[in-house]
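Dock chain B against the given chain A, drawing on the hints supplied.
Chains A and B, in that order, are what the protein sequence lines are. Residue numbers are given in numbering that gives the first Met the number 0: position 206 of the first sequence equals residue 205, and the series is strictly consecutive. Residue numbers are given in numbering that gives the first Met the number 0: position 449 of the second sequence equals residue 448, and the series is strictly consecutive.
Since the hints were made in silico from the structure, they are not lab data. Please note that a few of the clues may not be correct.
The list cannot tell twin chains apart, which means a pair is met if one copy fits it or any two copies do.
[Claimed, not checked] Here are the simulated BS3-like cross-link-like pairs (lysine-lysine), alpha carbons at most 25 Å apart as the crow flies: (1) Lys-139 - Lys-210; (2) Lys-291 - Lys-179; (3) Lys-178 - Lys-145; (4) Lys-85 - Lys-291; (5) Lys-125 - Lys-85; (6) Lys-120 - Lys-210; (7) Lys-242 - Lys-178; (8) Lys-291 - Lys-352; (9) Lys-245 - Lys-345; (10) Lys-179 - Lys-133; (11) Lys-40 - Lys-179; (12) Lys-242 - Lys-353; (13) Lys-441 - Lys-242; (14) Lys-139 - Lys-345; (15) Lys-345 - Lys-242; (16) Lys-207 - Lys-353; (17) Lys-291 - Lys-131; (18) Lys-352 - Lys-242; (19) Lys-179 - Lys-131; (20) Lys-353 - Lys-446; (21) Lys-139 - Lys-242; (22) Lys-179 - Lys-242; (23) Lys-449 - Lys-345.
Please read all numbers here as calculations on a predicted model, not as lab measurements.
Chain by chain, the residues:
Protein chains: 2
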Amino acid sequence: MDKQQNILIIGAGLCGSLLALRLGQRGYNVTVMEMRPDLRKVDISAGRSINLAFSDRGNKAMKLVGIEEKVNALCIPMNGRMLHDKEGNTMLSNYSGRDHEYINSISRGGLNALLLDEAEKHENVKIFFNRKCKSVNFDKTAALFKDYTTNTEFKEDADVIFATDGAGSAMRNSYYLGKKFLFSFSQDYLTHGYKELSILPTETGDYKTYKNALHIWPRGDFMLIALPNLDGSFTVTLFLSFKEGKYNFNNLTTPEIVTEFFQEEFQDALALMPNLVNDFFENPTAALGTVKCSPWHYQGNTLLMGDAAHAIVPFYGQGMNASFEDVVEFDAVLDQHDGDWETVFKVYEATRKKDTDAIADLAIDNFHEMKNHVANPIFQEKRKLEMALEKNFPNEYSSKYSLVTFNETIGYREAMLRGRAQDKAILNLLAENALNLAGDLKSILDKVKKETEAILEDDRIAGLK
Amino acid sequence: MDKQQNILIIGAGLCGSLLALRLGQRGYNVTVMEMRPDLRKVDISAGRSINLAFSDRGNKAMKLVGIEEKVNALCIPMNGRMLHDKEGNTMLSNYSGRDHEYINSISRGGLNALLLDEAEKHENVKIFFNRKCKSVNFDKTAALFKDYTTNTEFKEDADVIFATDGAGSAMRNSYYLGKKFLFSFSQDYLTHGYKELSILPTETGDYKTYKNALHIWPRGDFMLIALPNLDGSFTVTLFLSFKEGKYNFNNLTTPEIVTEFFQEEFQDALALMPNLVNDFFENPTAALGTVKCSPWHYQGNTLLMGDAAHAIVPFYGQGMNASFEDVVEFDAVLDQHDGDWETVFKVYEATRKKDTDAIADLAIDNFHEMKNHVANPIFQEKRKLEMALEKNFPNEYSSKYSLVTFNETIGYREAMLRGRAQDKAILNLLAENALNLAGDLKSILDKVKKETEAILEDDRIAGLK
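Chain A on its own, in the form it takes in the complex (with noise of 0.2 Å):
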């Protein structure tokens, strides 16, 4: 096929710059443009997800595109979540009861940087930035644009248009306002909204709380969790509801109510953030949105993917991971159909959207879980369980979490059902006492298995999904 088309994609972030650099490395013609400066020349982070969770599903990218180790050097290995109560005790768990699997804590920046150097390797793609678009014509497969430097507009044509920009994606509005074809489109915000501080290195550089997890404080209603950085620093991110409840954001005004309000229920934490009111009235505070819609494409002309198809919550640490997953996932549907971009289009979204939903779904389910559950008794009583399965039959079970985030081979849909049926039968066996928690793991296992397909099989005769 011609390998000379010309591809534009909007958008330079995470999945646009792993796109480019892949559809280089295929032989396309590619053109980026990104609103913001190079944020390998100028600092943007301004407070707002400076780290991230990078995991299987992201690594699988990395192999495709050939950067597994460039990656893997910023990478720093999660262990589990290290629990903080309010009397400051803390308790370890591990994310999975297979020592190999663990989640990593990466920085988005440094991430990003990478990749677009990658991508500029490849004379056939060229990036540029300060150019914000600002709509796009997707039955002409153009886009106009504004330079922000020249402070002009002008106007790109393409063979074939991909919007990789954003939860705010200008494409995607442009589809929703164009009423040229039926979009189904949700925005869903959560009550809560969250903000970046941050736990700085000692003197020495050094981390000041263990820095091979990801630090939770759940509070039932809200959470401080806390990553580490390659510097000694964490960042650490308040979830907290705007208007609800006895401190909220509406009503942290002043340093000192913010200051009671960490004293009251952060004080180990505290304890380690001696900058945390610069911090709290320096960053913003942000919303957090789940976004679905649907068609990702416009016949063979323009496609929609990672935040600007999908953006999710991000209490699975999954929205990097599935946005680079939809790279994969693109590049695998291009080997069988490539030529024909309707096809493509129109086969990749088939295949994916139901992932993204499930994952979407599932971000939601782990906020509640986050600030509630953790804490909460029987669901410690699973966990333990779970990982006692984990280590004693590796190659046997695996819990909702492993599923999801170890288990890259099976979509993410697949592992939703079945970990939402493994943690519904384990808890109800739980409720009624009925696993003989001192006596043979085998036999627990088989119960749990047992009594997990039964669930399934239930849900099929129902016709529920």
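Chain B in isolation, oriented as in the chain A frame:
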């Protein structure tokens, strides 16, 4: 409190005119703006949902405003579904085992005209037509209108604005585009659309087929339905995919193909529809969408009600009934908090939204059930059993359909949760041959109830909704 407050209602459809009537009865100064001409003077049906299903939840509202008997005169009872197979065989499947439980076919225009007449009897209610709302400034409680008769624009201020302007609500659009608050919003289209057709009366004005039923021709991937009108005609609706399958709206482009399709699939209906081809090409093809959003209100200034807040697909026959029930629920909250609009709006949304979300989901379930399961043996077995349970234990058993349609004292959400658990219980018991259908009915009832409770309990323990 000050009843001299000025209330602006946008839209004089079924919900808006009922709301105007009720607020008029309560003594408010009510101004209603409707974009269409007065339907009492001009025929504006134009081939879209000429008749509707009216049932107990809608009737609650008619009782509230004291026009139950007048509405009853417009009703044609439908005792059940009359199923038509491909060979033209018919089977009547009642909606309930209790004889006094049935739904009604009612003319949208006739009912709307009655509500407008009743509202206008109150001198504190003024209704203006041909005035289309373009946008709402919810901060200032003011709306911009275009007057189609003078072709000019004007602004209308009020103390409170209610938008009952339907699925394409201008005020909801202002919420969305305004970006002044976090507005969760979804529009979801089915792959299927609909087109209205008709079975005209005989030359002597009689019904050409059985009057007191909702006729269904279920065909798996598509279906035809028919509801009776007072003039001896039936309004027929074809639900069909836009793009998929051998026949679809995109390829039914000639009289020959349309006739061939009906000959193959709906031969007995075709025999009653000599006007098919004319209807088919005269009437529009329309989309089927679900709209959900939140918040419905902006402070104490503005509130969305009816389809503007929650548009649903028509397959449970509950669209109008849900909108009428909105007014009943709103009226009850007004009794508690009259004088404090912000509290009224907040409490109303908090109590009502869970129920309108539920009926939206139930309506989509019923789309699949009507075109598919009603022709499915295990579904028919369940239906027969439920009829027997309702007949023999009228105070102890109600099917999901009865809970939703005839148990107007419980909300849609409770009806959904209990009804789905019952369906799952019966389908699983039937599949496991755990019910002795030839045996004692009371023991079957006990088994179904026990299994239903077990399902609900398992879901509660697993933290599922």
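Results for each hint:
| no. | hint | verdict |
| --- | --- | --- |
| 1 | Lys-139 - Lys-210 | neither (51 Å within a copy, 52 Å between copies) |
| 2 | Lys-291 - Lys-179 | both (19 Å within a copy, 21 Å between copies) |
| 3 | Lys-178 - Lys-145 | both (24 Å within a copy, 22 Å between copies) |
| 4 | Lys-85 - Lys-291 | neither (37 Å within a copy, 39 Å between copies) |
| 5 | Lys-125 - Lys-85 | neither (52 Å within a copy, 60 Å between copies) |
| 6 | Lys-120 - Lys-210 | neither (34 Å within a copy, 74 Å between copies) |
| 7 | Lys-242 - Lys-178 | between (35 Å within a copy, 18 Å between copies) |
| 8 | Lys-291 - Lys-352 | both (9 Å within a copy, 21 Å between copies) |
| 9 | Lys-245 - Lys-345 | between (49 Å within a copy, 19 Å between copies) |
| 10 | Lys-179 - Lys-133 | both (18 Å within a copy, 20 Å between copies) |
| 11 | Lys-40 - Lys-179 | neither (40 Å within a copy, 34 Å between copies) |
| 12 | Lys-242 - Lys-353 | between (33 Å within a copy, 20 Å between copies) |
| 13 | Lys-441 - Lys-242 | neither (48 Å within a copy, 51 Å between copies) |
| 14 | Lys-139 - Lys-345 | within (19 Å within a copy, 45 Å between copies) |
| 15 | Lys-345 - Lys-242 | between (42 Å within a copy, 13 Å between copies) |
| 16 | Lys-207 - Lys-353 | neither (42 Å within a copy, 45 Å between copies) |
| 17 | Lys-291 - Lys-131 | within (23 Å within a copy, 31 Å between copies) |
| 18 | Lys-352 - Lys-242 | between (33 Å within a copy, 19 Å between copies) |
| 19 | Lys-179 - Lys-131 | both (23 Å within a copy, 23 Å between copies) |
| 20 | Lys-353 - Lys-446 | neither (30 Å within a copy, 36 Å between copies) |
| 21 | Lys-139 - Lys-242 | between (45 Å within a copy, 23 Å between copies) |
| 22 | Lys-179 - Lys-242 | between (38 Å within a copy, 16 Å between copies) |
| 23 | Lys-449 - Lys-345 | neither (38 Å within a copy, 46 Å between copies) |
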